[in-house]
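Colleague: Letter by letter, the chains look like this.
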Amino acid sequence: MVKIHKKTSQTLIKMNTTIDLGKGLVLKNPVMTASGTFGYGIEFADFVDLSQIGGIIVKGTTLHHREGNPYPRMAETPSGMLNAVGLQNKGVDYFIEHIYPEIKDIDTNIIVNVSGSCIEDYVATAEKINDLEKIPAIELNISCPNVKKGGMGFGTDPNQAKEVVSEVRKVYKKHLIVKLTPNVTDIVSIAKAVESAGADSVSLINTMLGMAIDAKKRKPILSTITGGMSGACVKPVALRMVWQVSNAINIPVIGLGGIMNETDAIEFLLAGAKAIEIGTANFIDPAITIKVAEGIRNYMKENNFSSLNEIKMDI
Amino acid sequence: MKKYIADLQVKENQHLNNSYFLLKLTSDQPLAETKAGQFVEIRIDGSKDVFLRRPISIHYTDKEKNEIWLLIQKVGKGTEQLSKIKSGEFLNIVYPLGNGFSIEKNFSKPLLIGGGVGVAPMLELGAKLKEKGIEPTFLLGARSAKDLLELEMFEKFGRVLTTTEDGSVGEKGFVTQHSVWEKESFDQIFTCGPTPMMKAIAKLATEKQIDCEVSLENKMACGVGACLCCVEDTKDGHRCVCSDGPVFNSKNLKW
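These protein sequences, in sequence, are chains A and B.
Here the first sequence is numbered in the numbering used here, starting from 1 and rising by one per residue.
Here the second sequence is numbered in the numbering used here, starting from 1001 and rising by one per residue.
Pulled out of the complex, with its shape left as it was, chain A reads as follows:
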């Protein structure tokens, strides 16, 4: 009986891969691209149908033009890499004038990652993006150092995290994602702080601070000596943090960090993420986003799940 019921229901079930993250941010599937790994999307248009991606989070955008750090900015590490790009971008006005018109009609959620070095810059940038009709959300990168407070990262102190999110919240009326850094002792306290400051969701993890040394030359590989580690090697840490944060807050968690394939993505959904971002894997397989989206659909089909909410860990 049970078997027949299952078979019948399988044919009747209409599978729904959409996910509503709240405040107007609805993804057609839970797969997004991580900022800084997918350009503005158009760089990958030859490889994937961009409209098949749940959301494209474009490059980190700051109030003013930034040249970024000197070369070398990248080091390959076991199962991953370090980068120290340093938020190279042409500034928010250039984005609005030259890039937004090129990408605004892509049939997906175009989300802008916003960075800054002081609260005023974050606020000014968010306010300008708030006016862009086709941008339903921003992702606030609070991993940056606060130059007015001795360079300590906004995201490493609950009070500073709360302050920057509260100020941005006052001017930004659409969906506000806050991206958390893993380089903290207690990520839950930061997540709770940004939730209380009015974030609509959190995404985690940003890169982990690391270092690579060239033994032959007896020199650090990166011009900045240290850099952000990403790739397959960070996944266990990312999963742990997504699990901890999902259990502690009531806003949606977007999981990222070392997702290389659909199985990795499903693990994040099981850990409590409502959606995921694919980052470094785009460099290895430029078509990975749509493969993961398809993989999640197949997983749902195999397990007779009709919605993403049914993907839950048995613990």
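Errors might be hidden in some of the hints.
Label pairs and their calculated CB-CB ranges [stated by the list, open to error]:
#1 B:Asp1166 to A:Leu209: 41 to 49 Å
#2 A:Ala45 to B:Phe1090: 20 to 28 Å
#3 A:Glu302 to B:Val1075: 40 to 48 Å
#4 B:Arg1159 to A:Ala45: 50 to 58 Å
#5 A:Pro236 to B:Lys1219: 23 to 31 Å
#6 B:Met1001 to A:Glu167: 42 to 50 Å
#7 A:Ile213 to B:Val1075: 12 to 20 Å
#8 A:Thr226 to B:Met1001: 36 to 44 Å
#9 B:Arg1159 to A:Lys216: 47 to 55 Å
#10 A:Asn298 to B:Glu1152: 34 to 42 Å
#11 B:Asn1252 to A:His98: 40 to 48 Å
#12 B:Ser1108 to A:Pro101: 36 to 44 Å
SDA-like mimics (lysine to any residue), calculated; alpha carbons at most 20 Å apart, straight line [stated by the list, open to error]:
#13 B:Lys1219 to A:Pro220
#14 A:Lys174 to A:Asn250
#15 A:Lys219 to B:Lys1219
#16 B:Lys1002 to A:Asp46
#17 B:Lys1254 to A:Gly272
#18 B:Lys1219 to A:Arg218
#19 A:Lys301 to A:Met313
#20 B:Lys1254 to A:Tyr71
#21 A:Lys28 to A:His65
#22 A:Lys216 to B:Gly1076
#23 A:Lys170 to A:Pro136
#24 A:Lys148 to A:Pro136
#25 B:Lys1146 to B:Asn1013
#26 B:Lys1063 to B:Asn1106
#27 A:Lys216 to B:Asp1007
#28 B:Lys1003 to A:Lys216
#29 B:Lys1235 to A:His65
#30 A:Lys173 to A:Ala197
#31 B:Lys1002 to A:Phe47
#32 B:Lys1254 to A:Arg66
#33 A:Lys291 to B:Asp1007
#34 B:Lys1203 to B:Gly1173
#35 A:Lys192 to A:Thr108
#36 B:Lys1003 to A:Pro220
#37 A:Lys217 to B:Thr1195
#38 A:Lys291 to A:Ile249
#39 A:Lys217 to B:Asn1013
#40 A:Lys28 to A:Gly272
Just so you know, the hints here were simulated from the structure itself, not pulled from any lab data.
Yeah, the Cβ is synthetic: ideal placement off N, Cα and C, and Gly gets one too.
Place chain B on chain A using the hints.
Modeller: Below, chain B alone, put in the same frame as chain A:
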């Protein structure tokens, strides 16, 4: 130019000496159009030490045989692993990437200078120039005779001059010391090789007022201008070697 992700079959893996090997790749499908100076990114799986794709310049394309050739030097774990691939196996590549050399420019007597593995794109460039009716002069430099590879291929498309550091073949010394610089004049330089060599050539080109294009090989990740890891500090600011380059006019570089 449209970029593709393709599984190409290894038709031949020819070990030229201890450190160089030549891969000839093919496909059931017609290969994509490519330009001289463009490159491919090869996926190398199966090791935690080789995480990213490896950018390799296009050495030669044979339209009739539907082949793309890659001349590769073993310099690390990625190229070492790649050197072991056998004919019949498949390689996943993303291509064609980068801008390529500007062969549409107006010149009649180009000098194509390659040093070490930097000779690789010069063969395809020479072939494309010959197709256009321009006979190039190749100036190829290496440590010693055994590192001067595929001279017979270069000779198909133009005159070949060589230098070796030990004098075992051609003129002794560096490419910038070759006597041809005194004897003849050129109206375009294209070069690829070690940075000190290209810097010396760029300086010489400036002195002689010859337009000079150089191909850079900064360490890169995405290959499509998305990650901004491979930037070169140019007179126009940081530019991606993978998508704005790898070919730059030497006058735009801060050399």
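Colleague: Which hints, by number, does the structure contradict?
Modeller: Checked against the structure, the hints that fail are numbers 4, 9, 10, 11, 17, 21, 24, 26, 27, 28, 35, 36, 38, 39, while the rest are satisfied.
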